[in-house]
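Participant: In case you want the letters, here they are:
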Amino acid sequence: MRNERPLRTWERRTESPEQTQSLAERLGRLLQPGDVVALVGELGSGKTLFSQGLARGLEVPETFYITSPTFPMINEYPGRIPFYHMDLYRVDSAAEFTELGIEEILYGQGTVAIEWAERLGENLPEERLEVHLAFNDETGRSLTFHAFGVKAKKLLDSLIQVFRD
Amino acid sequence: MIVLGIESSCDETAAAVVEDGHRILSSVVASQTAIHSPYGGVVPELASRQHVKVIVPVVSEALQRAGLDLSAVDAIAVTQGPGLVGSLLVGIGVAKGLAYASGKPLVAVNHLEGHILAAFLEESPPSFPVIALVVSGGHTNLYAVNNYSNVTLVGRTRDDAAGEAFDKVAKFLDLGYPGGVVIDELARSGNPSAISFPRAYLEKDSLDFSFSGIKTAVVNFVRKYVDSNKGGSIGISENNGDLAKQLPVQLADIAASFQEAVVDVLVAKTCSAAQRFDARQVVVAGGVAANSRLRERLREEMARLGLPLMLPRAELCTDNAAMVAAAGFHQLEKTGGSWDFDFDAISRWPDKTAGS
Chain B
1 MRNERPLRTW ERRTESPEQT QSLAERLGRL LQPGDVVALV GELGSGKTLF
51 SQGLARGLEV PETFYITSPT FPMINEYPGR IPFYHMDLYR VDSAAEFTEL
101 GIEEILYGQG TVAIEWAERL GENLPEERLE VHLAFNDETG RSLTFHAFGV
151 KAKKLLDSLI QVFRD
Chain E
1001 MIVLGIESSC DETAAAVVED GHRILSSVVA SQTAIHSPYG GVVPELASRQ
1051 HVKVIVPVVS EALQRAGLDL SAVDAIAVTQ GPGLVGSLLV GIGVAKGLAY
1101 ASGKPLVAVN HLEGHILAAF LEESPPSFPV IALVVSGGHT NLYAVNNYSN
1151 VTLVGRTRDD AAGEAFDKVA KFLDLGYPGG VVIDELARSG NPSAISFPRA
1201 YLEKDSLDFS FSGIKTAVVN FVRKYVDSNK GGSIGISENN GDLAKQLPVQ
1251 LADIAASFQE AVVDVLVAKT CSAAQRFDAR QVVVAGGVAA NSRLRERLRE
1301 EMARLGLPLM LPRAELCTDN AAMVAAAGFH QLEKTGGSWD FDFDAISRWP
1351 DKTAGS
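Protein chains in written order, with my numbering: chain B, 1 to 165; chain E, 1001 to 1356.
A couple of the hints might just be wrong.
These stretches of chain E come out as covered by chain B in the derived footprint (C-beta under 8 Å, 3 or more residues) [said to hold, decoys possible]:
#, segment
1, 1146 to 1159
2, 1207 to 1216
3, 1340 to 1350
Across the chosen pairs, the derived CB separations fall in these ranges [as the list claims (entries may be wrong)]:
#, chain 1, residue 1, chain 2, residue 2, range
4, B, ILE81, E, ALA1268, 37 to 43 Å
5, B, ASN123, E, ASN1150, 45 to 51 Å
6, E, ASP1340, B, PRO78, 19 to 25 Å
7, B, SER142, E, SER1149, 49 to 55 Å
8, E, LYS1053, B, GLN109, 28 to 34 Å
If you are wondering where the hints come from, they were derived from the structure by calculation, not from laboratory data. The beta-carbon is built from N, C-alpha and C at its ideal position, and this holds for glycine as well.
Model the full structure from these sequences, guided by the hints.
Facilitator: See below:
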């Protein structure tokens, strides 16, 4: 990952996939064009599930299933703003990034969720909300949010506010 | 009627000439496998560039092998989607150009419907109505096919494709690549009922699939014995050395139990679909159709139901343009006319189906 300090960090525990998805949906409601959500966590930790929640919050029609983007690498969905769901599982190093042609999406008009985002290394955008998912038990997860950049900090502040209200 | 088909939705650049929707006059496929293999799958940007390089020679060769020039072709068919937008656009651009220059009608076809119609390019085509299971690294779809131009998606995965679950579990257990093949082999020496992994049948009557939970169940099972929560690594072996020594069961038992769970669901949903839609035949296509346990179980179950099972030959299961030409032919028969040139690539269609 890029080597800088987050402007804000927030941790939240969930007990079930439904709770994880609901937390993601609340974040999805707050997303704006250009926002990048970088998802980090091992196999089965819930990155695609989290992205499904983001999509609901972004008002992607229910007629679309938000499926794993591992095979196509990028799935694009219509929502209140375009939602790009990326997956770098198949990318082994940052050196390969320049070959992938994804800069235009990262800095485009949609909002982006990136699974296995750590593979981007130094190519991660400076402005991003990282979400680290870790196992507590079979269904429970710890989610740690790290806001990098001023815009991401505002976004995380708004999310924290939702849970205070 | 002679149709020139063009296919560029993923990592094969293909062109074919097909007569009357079933007789293949030529079929040329330029594979990009070598370009993508270091990435363990297709890289969209690299695919588009390669399509641009080879598409014109591929189309020329297809015409040449059929012994025809463009003036002898009655229509041009091209894959509109689903697929990688950048790749699709290459085929669509060339098809539009050829159609415009030659004044031939142009039809845009759905790639997955093409995969189903590929079965009808075999010498003894299946009898309608057909239930088709298309199962690969990127898709797990069930279709009800009433006739050539009436293909309905009745079930599909809500998260991971079946082939993807095989690849990810294989990588997680450090078994090697391609995951489907290594698990299939390892599972032969394992006990399929050693571990009871969950089968996701979803709502009653649903023909949709979900394989993410089985994948996570394998991870959870291994995590009981090996701490893997070290953030961001792909598989457990990277952190923990020899995985097999730390587990109370053989890796072959995990592979066999996992495979059994996936196969159980694929077989059960295919059978329910066949019964619900009164199918006279079941067709299975896609890379996972090569799985030996899936083939064995499908044969058993279809025999029990008294339904013939058809597994098309390999070159018709993988991406090709003969199936696009065939699908284009049937679409022309149905609609009679050509599409205008305004259509664009479609990366994916909405997924909700009649069955869900």
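Participant: Determine for every hint whether it applies to the structure shown.
Facilitator: Evaluated hints:
no. : hint                             : in the structure
1   : 1146 to 1159                     : holds (count 4)
2   : 1207 to 1216                     : holds (count 3)
3   : 1340 to 1350                     : holds (count 3)
4   : B:ILE81 / E:ALA1268: 37 to 43 Å  : holds, 39 Å
5   : B:ASN123 / E:ASN1150: 45 to 51 Å : holds, 47 Å
6   : E:ASP1340 / B:PRO78: 19 to 25 Å  : holds, 23 Å
7   : B:SER142 / E:SER1149: 49 to 55 Å : holds, 52 Å
8   : E:LYS1053 / B:GLN109: 28 to 34 Å : holds, 30 Å
In summary, this structure violates none of the numbered hints.
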